[in-house]
Amino acid sequence: MTWLQERLVRLEAPPVRPDFREELWERIGERERRATHRWRAAAIVAVAVAVAAASAAGVLAFGGVSGATSPLDQTLSCPVDIVGGVNKLVLGAVPHHKPIWGNGQLEPRPGGFWAQSGLTNTPIQLAFVTGLKDGVTLDHLVCTPAQRIPLARAGLPLLVVLNAFHGGTVSQECWVAPRITLRLHVTFGKTGAPIAAQMAIRSGAKQRPVAFFDWTLARIRAYVSRGFCRPGRFPGQ
Amino acid sequence: MGTHPFAASRRDEAYERARATEAVARRRRFENLLERHEARLRRVAFGILTDAGRVDDVLQEAFIRAYRGLPVRFESDSQEAAWLYRIVHRCCLNELRSRRRRPETPGLPEGMPAPAAGSEASLAAAAALAELPPDARAVVLLVDLVGLDYETAAAALRIPRGTVASRLNKARHLLRDAFVRLEGDRP
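Here the protein sequences line up with chains H and S, keeping their order. So the first sequence is numbered by my numbering: it starts at 1 and just counts up by one. So the second sequence is numbered by my numbering: it starts at 1 and just counts up by one.
Keep in mind that the hints are not guaranteed to be accurate.
[Claimed, not checked] Here are some of the chain H residues that sit facing chain S, going by a computed Cβ distance under 10 Å:
#1 L11
#2 P14
#3 E23
#4 T75
#5 L76
#6 G84
#7 R226
[Unchecked claim] So these bits of chain H aren't anywhere near chain S, every CB distance computed over 10 Å:
#8 Q5
#9 V9
#10 A13
#11 L24
#12 R27
#13 I82
#14 K133
#15 V142
#16 T144
#17 A146
#18 V161
#19 H166
#20 H185
If you are wondering where the hints come from, they were derived from the structure by calculation, not from laboratory data. Using N, Cα and C, we set each Cβ at its ideal position, and we do this for glycine too.
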């Protein structure tokens with residue numbers, strides 16, 4: 001140790017304030033809450049602007065989907081958020097059920113499926129299809145158009161077939177590359193509600209097949225890669 | 001049959017649970033990071049600020065920023081150190097800038113206990129450091145006090161390695177002169 005270092009190491013940090021850590025975590029919590037509020041406000045503004053623009057143009061806000069009767073076919077490249085150190089894509093599906101009475105009215109219970117990115121500050125639903133009017137959501141805020149990928153199972157094994165009679169759900173967590181390519185094809189009925197849809201998902205630049213969902217009002221066929229995905233917890237369970 | 005799985009309330013519930021789990025893991029990782037670095041970060045912050053009364057506030061701000069930007073993993077220990085020291089250094093510089101705008105008497109705030117034993121030597125070291133420009137203080141603290149290598153110090157300060165070497169040389173000379181003046185001592 002040099003003469004200078006001998007003197008320098010005598011430098012002592014001042015004593016820590018007794019409530020330093022408690023105050024730190026309070027301030028972190030406060031800052032996180034403020035950031036979440038800002039994010040939500042920005043998202044609401046973005047959606048409002050998109051809706052306003054779409055209304056003015058006579059088209060749809062999210063991907064030109066709602067109320068459309070011609071089929072929708074879009075391929076998007078979407079980021080997948082990191083959760084617990086991995087880029088986690090959550091896939092889910094439920095079959096169509098008959099409406100039930102609830103809160104004094106008939107509550108529809110349409111089937112559908114979705115792909116959701118991560119579960120960080122605000123979860124992002126990349127794609128969501130259900131058998132209701134305006135029942136298609138594609139997140140064009142985080143996803144960008146991409147080169148088309150085949151709308152096929154691409155060798156993926158069949159995970160399950162769901163229908164209204166047998167019920168059941170699909171819930172899978174897939175550890176994928178930071179970006180996925182997602183192709184969604186939706187056929188609409190006369191009311192503008194989806195009646196059939198297929199979704200293919202591929203991971204990363206090499207576009208390895210992750211999942212393929214083939215959905216109609218009567219049943220859902222889910223094909224999922226066993227290398228990428230494992231069973232996850234169904235929302236609400 | 002209960003609530004339909006597509007019902008927003010059930011989805012939100014699941015998201016909240018997952019978010020809570022993630023937040024706990026993140027907090028644990030961050031606490032672990034602080035345990036390993038906090039003592040040295042405090043000394044560096046004090047050395048740059050040379051004002052004991054501001055160290056806690058500046059460190060809190062730095063830790064908040066660090067927590068919010070905490071990467072999932074670091075490639076190496078030196079990358080982790082460089083990242084953390086960079087944040088503390090930036091916060092210290094911000095504090096020094098704002099202090100120039102609102103000059104006030106440095107020192108311990110009311111109610112704060114006096115520094116522990118050996119404080120005379122510590123205050124002498126702080127006084128000597130105070131005579132250096134902030135960029136020289138930072139480099140001499142990171143290399144000679146914390147023991148970072150030139151590459152890590154360069155990454156922490158976002159300057160080239162050669163600049164670290166030249167600043168360090170200059171800082172050592174200045175610091176030596178300052179100690180000699182303050183202590184009347186000679187190497």
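Evaluated hints:
no.	hint	verdict
1	L11	holds (4 Å)
2	P14	holds (4 Å)
3	E23	holds (7 Å)
4	T75	violated (25 Å)
5	L76	violated (21 Å)
6	G84	holds (6 Å)
7	R226	violated (23 Å)
8	Q5	violated (5 Å)
9	V9	violated (6 Å)
10	A13	violated (3 Å)
11	L24	violated (5 Å)
12	R27	violated (6 Å)
13	I82	violated (5 Å)
14	K133	holds (15 Å)
15	V142	holds (16 Å)
16	T144	holds (23 Å)
17	A146	holds (25 Å)
18	V161	holds (18 Å)
19	H166	holds (15 Å)
20	H185	holds (21 Å)
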